[in-house]
Each structure stands twice: as structure tokens, then as C-alpha cells.
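Number of protein chains: 2
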Amino acid sequence: MAVQKPSTPKGTRDFGQIEMARRNYIFDTIRSVFRCFGFQQIETPAMENLSTLLGKYGEEGDKLLFRVLNSGDCFSGVDLENFRLEGDCFNSKALSLKVCEKGLRYDLTVPFARYVVQHQNDISFPFKRYQIQPVWRADRPQKGRYREFYQCDVDVIGSTSLLNELELVQMVDAVFGKLGIGVNIHINNRKLLTGFAEIAGAPDKVTDITVAIDKLDKICIEKVEEEMASKGLSANGIAVIRQILSIDGGFEAKRNAMKALFQGGSASGIVSETGLKGLDELDELFGLIDTAGVEAPVCLDLSLARGLNYYTGAIFEVKARDFEIGSICGGGRYDNLTGIFGLPGLSGVGISFGADRIYDVLSSLDLFPASLESATKLLFAVMGQEEMKYILPIASRLRQEGVAIEIYPEATKLRKQFEYAERRSIPFISINGSSEIEAGSVNIKNLSTGTQQSFPANDLPAILEFLK
Amino acid sequence: MAVQKPSTPKGTRDFGQIEMARRNYIFDTIRSVFRCFGFQQIETPAMENLSTLLGKYGEEGDKLLFRVLNSGDCFSGVDLENFRLEGDCFNSKALSLKVCEKGLRYDLTVPFARYVVQHQNDISFPFKRYQIQPVWRADRPQKGRYREFYQCDVDVIGSTSLLNELELVQMVDAVFGKLGIGVNIHINNRKLLTGFAEIAGAPDKVTDITVAIDKLDKICIEKVEEEMASKGLSANGIAVIRQILSIDGGFEAKRNAMKALFQGGSASGIVSETGLKGLDELDELFGLIDTAGVEAPVCLDLSLARGLNYYTGAIFEVKARDFEIGSICGGGRYDNLTGIFGLPGLSGVGISFGADRIYDVLSSLDLFPASLESATKLLFAVMGQEEMKYILPIASRLRQEGVAIEIYPEATKLRKQFEYAERRSIPFISINGSSEIEAGSVNIKNLSTGTQQSFPANDLPAILEFLK
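The listed protein sequences correspond, in order, to chains D and F.
Per this note's numbering, the first sequence starts with residue 1, numbered consecutively.
Per this note's numbering, the second sequence starts with residue 1, numbered consecutively.
This is chain D alone, in the form it adopts within the complex (with noise of 0.2 Å):
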């Protein structure tokens, strides 16, 4: 019987060695970035109750949730015909709430509020915690985008001090920095945007006019003016929006130029209360920025808007700035994320590290060390089982000494010892025939620059010392 070879499913991923030592190489120093800055890991389950999940992702989000089928005999007791929609439709959305409790975590955000509203008592506020989990969406699987993927996201709640956004710009500017990614840092707030419809007169546009700004990157002005247009923004509310974004220069000249317009300069004359605030949370940020000194350019981005609704203060965005990808990292102030769960005036800051869009760019620009490619350092070669016993103490001392150590489990032929070690990228081979046993002695080579040479076994120090 042919039996058929396997596979993941659609859109999901198998890691093998080398891609888990590039994959952890990222989290480890995004990690140990983290930990300097006093953030602690949590872990939420990878399934949550729907009633969790639903409604917090929009009508489209709930389509793409993985729902997770009770256990048992699930069907019976449901008057499946009750959901009949016409011929062998069925209402599917409905029915699978009948037979479905749980689903899976579609992000690290609404898991994170859920904890905090769950654990509210155990909590010592401001909470500084980090999480690094794979998340699930049954999205259409097309190149770059997977339905398992890992989130790599930080957080601090209940402190609305500026701080906290300077040590996120902190971070970020410390895991780049180790990773050896040059970023640009874009900032913006939520307030200005909220104060650009202020004095466009148009205060009820602020989704229209943020998500036609959003799409600079992409389209030009004119093709933003046209979209703005549309959603019913008047020509002098145009006006004042094609002012706002021809604003150029430093941050200071952006801020006095927008301070000038907020306070009732621009064409329609209206006052921004909202933007003025904004202007003063970006001023102070930038002073803290000053203070603190951060290595990358940090710039305030007047056309930086970010989809998600509940940012209500500065928002971030990172990018590469030798490799074209899109933003490498984001995130943003909210100041209603628990309310959802019924824990109100809870403020926090927070952002996510896209973990596949810096593997890519590591590994478009060839920045992962190679040290990642070779885990283990030495092979011994096996002759026979006299030598296999021979080499035995003098690989449990090593290995004592934290070197990865590998024996060739079979006496096979030493072409293809050879072979595993280039595969494996081992850049030590020793081979111990009964010349190296009589004398007590190790024969190591060094397989990449072709040296040889012969230790006494128990001389530690100098093996340690060939193999660095």
C-alpha cells in the first residue's frame, strides 16, 4: 500500500535547525533586551474561550479565528435543522458557536487585556511584561503571510508617564542596535491626527482622513486628496490637510510649524486643544530622547497613522533602512485596552516586534552570524569500539566545560564521518586510532584551515584553547 508522504497544513510551518538558531537568536537578544529594561515574560494558553475572543477583532477578524470543536459528543442535542438556511446551507457561523467554545489566539493583545483584568489582584501595577507566542488566523496563505506565526510583544500598563514610550524608543534602538539592522524610528500621536480633521473642519472625519494619510507610502498626495474627496472632505479641509503634510524639517521646525497651525493659523482659523495636547506628549518625548540619547534617527512622522482604532497617544513604527519590507516593528498608547473586559482607566504602551520580517531582513542582508550554522564544535570520528571507549571521559570532560561535543555513533567508514561533520558545519574533527590510545594523546583538525595537531588527553587547557 503507497502510503501518502505528509505534510503541514496550509500555511503552517515546519522550523528546522538552522532556521531555530536564527529564529531564537532573535528572541534571545530581543529577550535580553527586555530583561534590561526590567519587562517579564508571561504565557497565555494557545486556546481562549470565544467569548474571549469574538467581537475584538471587527466582523472580519472573527471570520479568521481558528475555532476549536468541543470534545465528546459534540452534535448531539443541537437541533442541527434549526440552522438551516435553504437546501444544504447552513447558517456555519452560528452552528459553530453551538458546537464550538474555544478558539485560538489570534493575537497577544486581547489575551494580554483578559490576564490583566484575570489576575488584576496578583498584579503589581505599572506591569511591564512581555510575551512571545505564536498567534493563528485562518488568513489566505500567500507568500510572507502564514496562519501560525509568533508575536513578539511588549507592554507596560497602568503608568501613562511619557517614560514609558522613551523606553520603548529605547529598546527598539538596543535590539536593532545588537542585531546589526539600521532602523529609522517614525513617530506620531493619535492627537494630531485627531487635530487634523479638528482644523479641517471636519472632527467626524478622523478615520476617513487618518486612512487616506495612511496610504502616502503607497499613493501620491494627489491620489490621498482624490480618496478624501470622496469620503465628503471639503475643499478647504483639503486644503488644510495638503498644509499639514508639506510640513518638512527636524522636529522642531515640524513642531512650531504645526503648534502655528493648531492654534488657529491654518486656513479654516480653527483652534486644536486636542493637537496642542498631542504636541505637548511628542515635545516632552522628544526631550526624554534628547536625554536619554538613542542611537537611531528618530523622526516625527505627520503621515504615520497605524490601523488599529484604540491608540490614543504616540504611536511607533521601525524600519529597516537598507531593505525595503515595510514597518519592522510598531505599536502605540491606548488607553482603554482592559474596558473590554470590564477594568476601565487602565493606560498602557506597548509594541510588537515582527519576528518573520527580521528574520527576512537578517537574512537578506546576511547579518545572522555564522557562528548560528555550526552548534556543535568538535565530532569524533569512531574506528572501532576500543577507540569509541577511549574517547568516551575525554568528550564527558569537554562537554563538563560547556563545548558541544558530538561522537559518531557508528565505526563506519571515515569518508562519511567526514561528510557528517561538512553537513553539520562541525568545524573540528579528531580522529584516535591505536596510535593516539597507546600515546594517551587527541588528534584534532581544525577542518577549515586544514591544521592538524596532536594533544596529550588530558591536557585540557590547550584542546580548549585550539578549538576557540
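No lab work stands behind these hints, which were simulated from the structure alone.
One should not assume that every hint holds.
Identical copies carry no separate label here, and so any pair may be met within one copy or between two of them.
Only pairs whose alpha carbons sit at most 27 Å apart, straight line, appear in this in silico DSS-like list of lysine-lysine [said to hold, decoys possible]:
#1 Lys413 x Lys259
#2 Lys143 x Lys413
#3 Lys445 x Lys413
#4 Lys445 x Lys389
#5 Lys56 x Lys5
#6 Lys319 x Lys215
#7 Lys63 x Lys413
#8 Lys205 x Lys231
#9 Lys63 x Lys5
#10 Lys178 x Lys468
#11 Lys98 x Lys63
#12 Lys416 x Lys468
#13 Lys389 x Lys259
#14 Lys254 x Lys215
#15 Lys10 x Lys93
Once you've looked at the hints, dock chain F against the given chain D.
For chain F alone, coordinates are given in the frame of chain D:
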């Protein structure tokens, strides 16, 4: 509207920061040992095709699989009436196959077998991999049994050498040595169990005999004999098994006694070639263990059976010496794991570490390092905006040295900031006001000893020394 306090699904858990620090400590320890032996990490997706999972864990296992509903309008086009048994009773099992193609991973073994078969052309055999990921089982939750829990598996596949068995024993020894848990390592060989049945004159009753013997640590020998009798084992057969189980002493004594029995010296006079082969393997393995040197006591445990039917050679079980909790690690050799996916002839051997039980042992014996509680070393208290700005560059420099630093984000009452340090187990606090700013100094207090000291802000070495 009253909002219901949200919770996690039954049988699943959140892990808070201290639990995570402890769990990471366990996993990092295990990982570091795996790495020293040249094992490399892989990961597989949480969801597998049900065709990969079904039929691999017995009928009971199939029932415990969490199934994931197909996305979209998955009920339409399915003739639900076909699945009606009577009234509102449905054949949920058959119907679920119509609307679910995927299930959550039930263990790491089957996905590993699937991985090896799928990627066989890219793998360098012998393939030494480890995998640390959660698995899901729709078991009835109870104390110590969860619906989501981590498994931690390490296997070599593609080599029959007993060196692999040795290395697993060495890794067990190293892991529990590093964790400070005293353990006994029990070893047996499936071929001995086959031999038992053969010399008991009941070669077809291997499973019955194995299952009965396996209960020896819970019930007395008389009950075990009763069970074997009820399965149809003859009085003579039972006498042979009793003879085997009464064998006492160290490895050599047991080996010699068993050798005599397998050579025809038992009451039945039957010779067991399989049993003798098993003894040869054990002989070689114990010889290797002697040569390599292992700290933990290793014993031949003739009553060790382990449930899984796919084991064909050595079987292992590890028990904590100072805490009664059952096996905390176990495994064995299997000869045909990938055969289920059409790739026969690959022998492998592996073990699995029980993370939850190891956690319980460390916790009960108070063996977690105290340092895990305090991730952050130093909290800078904040008295006002000026003081915060004074602190920022100092904090940055300390973080660059890898010290975990927090700055309290608000200039609230000092008492509150002290409380925060205490609740978070932060060992040092630094309070700096106008006099420190004037003097260019930093004042740091050791919260456990009460010692307080001032340093010039740029004397990093002295500060680092005080924080040690």
C-alpha cells in the same frame, strides 16, 4: 452592564512572571545540556492534519484530540441528516471528520515522525533533534493534569548504536545534576520482557505480562500474579515470572541470573534468544556507562515496562530520590517510528522530560535559585521631572553593562515606589534628589542589608561592584 470576569478555558493555565522565570530555568538547563551533546532544536506547527494524527494513539487517543473547525462556511454542502442516529443524537465522530481537517498536536513524537519523513532528503542522519513545545489533550482536567502542557523530547534517529542510549543517560545525569535533583535511573530492555513471556511458555502474552508487571510499584506481587492468571497464564508460567521478579542484586548479579534463565535454566526449560539478545545490549550499555562515568545511580530494573508499545530495545525511567511523584523522565528505543508514514527501517531512541513534574519537584524541595525571583537588579525611584532626566543617562550606561534596571515611571510618593521594589523583589533602590544632582552622585541602597552608599555618577565599576 456587568461584564463577566474573563477566564482561561478549563484545564489550561496562564504563567505569570515568576512561574515563567522558573520554567525558563528548567528549559534553559535542559537546552544547554542538549546543545553540549550536539542535539539541535526543531519546531513543528501546533496544528497537524487529522490524517497525520488519527489512529496513532489508539481509539482513546483519537477521542482526546482537539479538532479545529474548517474555516469559512464549513457546514454548508454537508448532508447533516446523514449523520443523524435518532432524535437529536448525531454521529459526532463521523460528522466532525466532515467539518474538521486539522487537529492540535497530541504529543511531539508523531509530529517528529512526520517531520523526518517529510524532510528526509534534507536531513543528515543520524538526526539528533530536540523539541520543546506544548501539546493538547482533551483529558478530564484534574490535579497535575492539564489540557495544555509542554513536552520536552530529545531523540536520535537513524542509528542503532548503543552510544545513543549512553548519551541519553549522560544527558539525564547532567540535567538533573545541574538542577540539583537527586535521581535514580532505571533501565530495562523490551527484549527481556519478550524473553520473560517466552520462558514462561506464553510468547503471545507479552503485553498482558508487561502490563501486570508494570503495576508492581503500586500493587503487591500476589495481585500481579492474580492478574496474570486471569489473563490465562499457566501456573508454571507464573512461577517463572515470580522467579524472575525475585532476582536481586546489582547489574552483574541480575544479568547472570537472567542469563541462566534465558539459557534454559528456568522451570520451563525454554531458551529465549530474544531475551539473550536483550541481555547483550544491556551488557554493552552498562559497560559504556561505566566507561563514560555517570554520577546518578543506574540500575537494571526488571519490572520496568513502560506503556508504549512501539519500544523495541532499551527503556528508561528516571525517578527523583527525595520526592514521591512517579517518573520525571522516560523513554526508549523504537525501531519503526516513521513506518506509519511510509519510511520503514529507521531505528531511533529518545527520552522525554516531564516539565510540570520537574517543576513540582524543584518547587517542593525548594531548589529553584532565589535569583529567579528578582529579575530587576535596581530600581531608580523618581522624585520629579528634573531628577528623572538626571537618572536617564546613568540608567542607560548601566543597562549597556547588562544590568537590569527599572526607573519608576511616575514621581509619586516614595513609599509607593519602595512598595513596588518590595513586591517585585528588586534588591537595590536608588533615590536621587537635588543634592545628588549638584554633587553629580548616585545614592544606592541595598534593601536586604540596609547598607546605603553614594558613588560619583561616572564611577561605573564601583556601582557595578556594589550591585553584585
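Lysine 389 and lysine 259: within-copy, between-copy, both or neither at 27 Å Cα:
Cα proximity of lysine 389 and lysine 259: across copies only (25 Å, versus 79 Å in one copy).
Is it within, between, both or neither when you check lysine 205 against lysine 231 at 27 Å Cα-Cα?
within (8 Å within a copy, 79 Å between copies)
Between lysine 445 and lysine 389, at a C-alpha cutoff of 27 Å, which is it: within one copy, between copies, both, or neither?
Intra 20 Å, inter 55 Å, cutoff 27 Å: intra-copy only.
27 Å Cα cut-off: does lysine 319 pair with lysine 215 within a copy, between copies, both or neither?
Within. Shortest intra-copy distance 16 Å satisfies the 27 Å Cα cut-off; inter-copy 61 Å does not.
Can you tell me if lysine 254 and lysine 215 fall within 27 Å by alpha carbon in one copy, between copies, both or neither?
Within one copy, since 20 Å is at most 27 Å while 78 Å is not.
Are the CA atoms of lysine 413 and lysine 259 at most 27 Å apart within a copy, between copies, both, or neither?
Neither. Shortest intra-copy (78 Å) and inter-copy (34 Å) distances fail the 27 Å Cα cut-off.
Using 27 Å as the alpha-carbon threshold, which applies to lysine 10 and lysine 93: within, between, both, or neither?
Both. Shortest intra-copy (22 Å) and inter-copy (23 Å) distances satisfy the 27 Å Cα cut-off.
Is the C-alpha distance from lysine 63 to lysine 5 at most 27 Å within one copy, between copies, in both cases, or in neither?
Result: close only across copies, 24 Å inter versus 31 Å intra.
State whether the alpha carbon distance between lysine 143 and lysine 413 is at most 27 Å within one copy, between copies, both, or neither.
neither (43 Å within a copy, 53 Å between copies)
Since the copies are identical, ignore which copy is meant and state whether lysine 445 and lysine 413 lie within 27 Å (CA to CA) inside a copy, between copies, both or neither.
within (17 Å within a copy, 64 Å between copies)
At most 27 Å between C-alpha atoms: does lysine 416 with lysine 468 qualify within a copy, between copies, both, or neither?
within (25 Å within a copy, 50 Å between copies)
27 Å Cα threshold - placement of lysine 5 relative to lysine 56:
Answer is between; shortest inter-copy Cα gap is 16 Å, intra-copy 39 Å.
The earlier numbered hints that this structure contradicts are 1, 2 and 7.
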